[in-house]
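Per full-length UniProt numbering: the sequence shown = residues 1 to 149.
Check the hints yourself; a few may be wrong.
What the hints assert, rightly or not - List of simulated lysine-lysine pairs, DSS-like, C-alpha gap at most 27 Å:
hint, residue 1, residue 2
1, 80, 117
2, 117, 146
3, 146, 80
What the hints assert, rightly or not - The following label-pair restraints were derived from C-beta to C-beta distances:
hint, residue 1, residue 2, range
4, 80, 41, 32 to 38 Å
5, 2, 78, 22 to 28 Å
6, 113, 48, 48 to 54 Å
These are calculated hints, taken from the structure and not from any lab test.
All C-beta atoms in this analysis are idealised placements derived from N, C-alpha and C, irrespective of residue type, glycine included.
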Amino acid sequence: MNPAVFRLILNLWPPFLFAGIRVTEVAERYRRARVELRMRPWNRNYVGTHFGGSLFSMTDPFWMLLVLQSLGRDYIVWDKAGEIEFVKPGRGTVRACFELDETVLAELRDSAADGSKVLRWFDTDVVDADGDVVARVRKQLYVRRKRGR
Numbered sequence: 001m002n003p004a005v006f007r008l009i010l011n012l013w014p015p016f017l018f019a020g021i022r023v024t025e026v027a028e029r030y031r032r033a034r035v036e037l038r039m040r041p042w043n044r045n046y047v048g049t050h051f052g053g054s055l056f057s058m059t060d061p062f063w064m065l066l067v068l069q070s071l072g073r074d075y076i077v078w079d080k081a082g083e084i085e086f087v088k089p090g091r092g093t094v095r096a097c098f099e100l101d102e103t104v105l106a107e108l109r110d111s112a113a114d115g116s117k118v119l120r121w122f123d124t125d126v127v128d129a130d131g132d133v134v135a136r137v138r139k140q141l142y143v144r145r146k147r148g149r
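Using the sequences provided together with the hints, build the complete structure.
This is the structure we're talking about:
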């Protein structure tokens with residue numbers, strides 16, 4: 001699928017649309033994605049900062065989507081685990097960038113070549129307008145080459 005169309009679909013996806021999450025970029029060949037979350041009354045917590053669930057949601061699917069699109073139909077890619085560390089209160093617009101390196105893809109292909117499952121962690125920082133880290137998110141992916149391929 002064309003990355004621009006993919007980005008449009010993600011922006012219209014109700015969990016993102018109604019949470020105020022906006023995908024600003026999906027690069028050609030799915031090697032990078034950029035996402036932002038604007039402060040809205042419905043994604044603000046009791047003390048007036050970004051709701052932690054919204055911060056996690058804005059990062060949730062991207063490593064899986066980028067790896068899945070990059071490896072192609074011969075692979076199974078799932079989210080296995082996730083964790084978030086809240087570093088400082090998030091206010092205003094916060095952003096996250098996901099950059100998928102070719103060497104990581106090569107490592108995944110090599111490790112899964114014999115049909116073995118591969119577990120790999122990916123890290124992302126959510127930053128505010130000043131570039132300060134608001135949250136650190138880690139996602140673990142499960143990758144396996146499909147049997148019979």
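Do the alpha carbons of residue 146 and residue 80 lie within 27 Å of each other, as the hint requires?
Distance of about 17 Å is within 27 Å: holds.
Mind checking the hinted window 22 to 28 Å against the Cβ distance between residue 2 and residue 78?
About 24 Å separates the Cβ atoms of residue 2 and residue 78, which means 22 to 28 Å holds.
Under the criterion that the straight-line Cα-Cα distance not exceed 27 Å, is the pair residue 117, residue 146 satisfied?
holds, 10 Å
Is the distance from the Cβ of residue 80 to the Cβ of residue 41 consistent with 32 to 38 Å?
Check passed, 34 Å falls within 32 to 38 Å.
Hint check: residue 80 vs residue 117, CA-CA at most 27 Å. Holds or violated?
holds, 11 Å
Could one say that the CB atoms of residue 113 and residue 48 fall in the range 48 to 54 Å?
Check passed, 50 Å falls within 48 to 54 Å.
Going through the hint list in order, the structure satisfies each hint without exception.
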